[in-house]
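Undergrad: The lines below spell out each chain.
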Amino acid sequence: MSFKKGIIMKVKDLIRVLDAEVLCGEDFLDQEITDFDASDLLSDILAYSKDDYVLLTGLTSSQVVRTAELTGAITIVFVRGKLPSQEAIGLAKSHYIPLLKTDNLMFTSCRKIIEELIKEEKNK
Amino acid sequence: MNANYSKEKLTLVNELIYEIKVKEAMSKKVIFFEENVTFREIQLKLKEKKISGVPILDDERNIIGIVSIDDVITAFDKGYVDNKIIDYMSRKVITIPQNFSVVSAIHELERFGVGRLPVTESSNSKKIVGIITLSDILNRLLVVVQSIAEKVEDKEIKNTQISHDLIKSIVKNPLRFEVKGDDFDNAGRVASIIKKYFQNLGIDRDIIRRIAIVCYEAEMNICLHSLGGSMIIEVNNDNNVVIYAHDKGPGIPDVKLALKPGFTTATEKIRALGFGAGMGLPNIRHYSDKFEIESSLRTGTELKAIINLGVKNEIK
Numbered sequence: 001m002s003f004k005k006g007i008i009m010k011v012k013d014l015i016r017v018l019d020a021e022v023l024c025g026e027d028f029l030d031q032e033i034t035d036f037d038a039s040d041l042l043s044d045i046l047a048y049s050k051d052d053y054v055l056l057t058g059l060t061s062s063q064v065v066r067t068a069e070l071t072g073a074i075t076i077v078f079v080r081g082k083l084p085s086q087e088a089i090g091l092a093k094s095h096y097i098p099l100l101k102t103d104n105l106m107f108t109s110c111r112k113i114i115e116e117l118i119k120e121e122k123n124k
Numbered sequence: 001m002n003a004n005y006s007k008e009k010l011t012l013v014n015e016l017i018y019e020i021k022v023k024e025a026m027s028k029k030v031i032f033f034e035e036n037v038t039f040r041e042i043q044l045k046l047k048e049k050k051i052s053g054v055p056i057l058d059d060e061r062n063i064i065g066i067v068s069i070d071d072v073i074t075a076f077d078k079g080y081v082d083n084k085i086i087d088y089m090s091r092k093v094i095t096i097p098q099n100f101s102v103v104s105a106i107h108e109l110e111r112f113g114v115g116r117l118p119v120t121e122s123s124n125s126k127k128i129v130g131i132i133t134l135s136d137i138l139n140r141l142l143v144v145v146q147s148i149a150e151k152v153e154d155k156e157i158k159n160t161q162i163s164h165d166l167i168k169s170i171v172k173n174p175l176r177f178e179v180k181g182d183d184f185d186n187a188g189r190v191a192s193i194i195k196k197y198f199q200n201l202g203i204d205r206d207i208i209r210r211i212a213i214v215c216y217e218a219e220m221n222i223c224l225h226s227l228g229g230s231m232i233i234e235v236n237n238d239n240n241v242v243i244y245a246h247d248k249g250p251g252i253p254d255v256k257l258a259l260k261p262g263f264t265t266a267t268e269k270i271r272a273l274g275f276g277a278g279m280g281l282p283n284i285r286h287y288s289d290k291f292e293i294e295s296s297l298r299t300g301t302e303l304k305a306i307i308n309l310g311v312k313n314e315i316k
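Listed in order, the protein sequences are those of chains P and B.
If you count by the working numbering, then the first sequence holds residues 1 to 124, one letter each, in order.
If you count by the working numbering, then the second sequence holds residues 1 to 316, one letter each, in order.
Don't read these hints as lab results, they were simulated from the structure.
Keep in mind that a hint or two might mislead.
[Claimed, not checked] With a straight-line cut-off of 27 angstroms between C-alpha atoms, the simulated DSS-like cross-links for lysine-lysine are:
1. B/K28 <-> B/K78
2. B/K269 <-> P/K82
3. P/K101 <-> B/K269
4. P/K101 <-> B/K151
5. P/K101 <-> B/K155
[Claimed, not checked] Pair ranges (Cβ atoms, derived):
6. P/E116 <-> B/L44: 53 to 63 angstroms
7. P/D19 <-> B/L201: 35 to 45 angstroms
8. B/R205 <-> P/K10: 15 to 25 angstroms
9. B/E24 <-> P/D19: 30 to 40 angstroms
10. P/T108 <-> B/Q146: 51 to 61 angstroms
11. B/N308 <-> P/K124: 31 to 41 angstroms
12. B/L134 <-> P/K122: 45 to 55 angstroms
13. P/T108 <-> B/F263: 25 to 35 angstroms
14. B/Q146 <-> P/L105: 40 to 50 angstroms
15. B/E24 <-> P/K124: 40 to 50 angstroms
16. B/E48 <-> P/L105: 49 to 59 angstroms
17. B/I73 <-> P/K10: 49 to 59 angstroms
18. P/D19 <-> B/S135: 44 to 54 angstroms
Virtual Cβ for every residue (Gly too), placed ideally from N, Cα, C.
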């Protein structure tokens with residue numbers, strides 16, 4: 001999902017919107033998001049994602065961080081309360097990618113983000 | 001430590017509590033008393049050190065009893081607090097040998113509802129070498145878990161260093177990397193180095209993404225499906241990035257079929273990683289300007305992908 005230029009959401013806004021916990025990368029929450037991708041399939045992430053995007057996923061292996069890093073993600077949100085492996089956290093730290101965790105389901109997380117974006121646009 | 005890296009943190013902790021020995025987690029400084037002291041002396045020590053019990057040892061450090069804060073309170077209550085403990089202390093002591101895993105310690109702590117376990121030298125010795133509490137175990141776990149993350153971090157920093165060093169080499173020199181088969185821990189490492197390399201050359205982000213993804217998919221193919229191989233990346237005179245991925249087999253029986261989006265031979269293990277959607281080769285074809293693949297059941301698979309850097313990304 002892409003949104004029009006000018007509607008800006010920052011990584012730190014996600015903490016509020018998704019009631020998320022920051023697992024690492026506290027110093028890099030000020031980045032601006034330009035796109036979102038929600039997927040549990042690495043191949044799909046590789047096929048469709050764009051730079052400066054936020055990845056929502058239920059996968060927790062270090063490969064998901066590797067995929068995110070290579071495709072230009074600026075944050076990964078682990079949905080449905082899943083915790084990534086320590087290897088994943090280490091990899092994310094070394095690439096300065098913040099990891100967030102939310103108890104919301106994938107669908108709920110997406111809905112909340114979209115509602116927030118619509119709200120932001122109305123307020124403009 | 002040989003944890004299977006795709007597992008969740010909880011599983012990791014589960015594995016660790018079996019791997020970490022009591023010896024590694026226990027405190028070696030044991031506060032203890034001999035049997036000729038009074039309850040009051042013990043009470044003062046418990047208060048001073050903020051602990052809830054002490055083992056009673058003989059002159060060879062063999063355990064003969066234990067006095068807890070509950071015993072002291074009972075002594076106050078019944079009026080024998082100034083008496084020697086020798087006649088009152090409980091002689092049934094739960095201990096744990098130092099070579100047991102911490103999971104046994106956790107079980108014993110829970111089963112007997114105690115806060116601490118004196119640690120013996122071995123199963124058939126009563127000599128005390130340490131003492132272990134739940135918070136000792138927790139502390140040790142945190143240290144180990146933390147060090148796993150740091151190890152990965154260090155390795156990645158080294159990868160960055162490698163790409164920095166590559167910059168110093170002449171651009172026209174091809175870069176060559178070995179890729180091991182079935183090595184999931186390092187899968188993606190080459191792609192990561194290549195991405196950093198081109199980032200440092202100041203190439204357009206969109207093109208870097210395409211190079212990174214092609215490298216990653218090709219690397220994953222070698223890692224997931226072959227016996228190992230190598231990757232060569234070079235910039236040729238036409239300002240093209242050429243990515244060669246070669247593996248030692250077993251080869252693809254039907255290349256045409258393998259190129260079909262969605263076709264996959266991935267195992268459960270591969271799917272658990274989030275791969276195996278049958279998009280690897282189609283993705284490589286999609287992101288390259290030119291793409292060739294040849295495969296033989298005798299010599300393995302050779303893949304060549306070309307990505308043009310465009311005029312504004314010319315490398316001198």
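Undergrad: Does each hint hold? Answer for all of them.
TA: Consistency of the hints with the structure:
{"no.": "1", "hint": "B/K28 <-> B/K78", "verdict": "violated (34 angstroms)"}
{"no.": "2", "hint": "B/K269 <-> P/K82", "verdict": "holds (19 angstroms)"}
{"no.": "3", "hint": "P/K101 <-> B/K269", "verdict": "holds (25 angstroms)"}
{"no.": "4", "hint": "P/K101 <-> B/K151", "verdict": "holds (22 angstroms)"}
{"no.": "5", "hint": "P/K101 <-> B/K155", "verdict": "holds (25 angstroms)"}
{"no.": "6", "hint": "P/E116 <-> B/L44: 53 to 63 angstroms", "verdict": "holds (60 angstroms)"}
{"no.": "7", "hint": "P/D19 <-> B/L201: 35 to 45 angstroms", "verdict": "holds (41 angstroms)"}
{"no.": "8", "hint": "B/R205 <-> P/K10: 15 to 25 angstroms", "verdict": "holds (20 angstroms)"}
{"no.": "9", "hint": "B/E24 <-> P/D19: 30 to 40 angstroms", "verdict": "holds (37 angstroms)"}
{"no.": "10", "hint": "P/T108 <-> B/Q146: 51 to 61 angstroms", "verdict": "violated (32 angstroms)"}
{"no.": "11", "hint": "B/N308 <-> P/K124: 31 to 41 angstroms", "verdict": "holds (40 angstroms)"}
{"no.": "12", "hint": "B/L134 <-> P/K122: 45 to 55 angstroms", "verdict": "holds (52 angstroms)"}
{"no.": "13", "hint": "P/T108 <-> B/F263: 25 to 35 angstroms", "verdict": "holds (33 angstroms)"}
{"no.": "14", "hint": "B/Q146 <-> P/L105: 40 to 50 angstroms", "verdict": "violated (30 angstroms)"}
{"no.": "15", "hint": "B/E24 <-> P/K124: 40 to 50 angstroms", "verdict": "violated (58 angstroms)"}
{"no.": "16", "hint": "B/E48 <-> P/L105: 49 to 59 angstroms", "verdict": "holds (52 angstroms)"}
{"no.": "17", "hint": "B/I73 <-> P/K10: 49 to 59 angstroms", "verdict": "holds (56 angstroms)"}
{"no.": "18", "hint": "P/D19 <-> B/S135: 44 to 54 angstroms", "verdict": "violated (30 angstroms)"}
In summary, the structure is inconsistent with hints 1, 10, 14, 15, 18 from the numbered list given earlier, while agreeing with the others.
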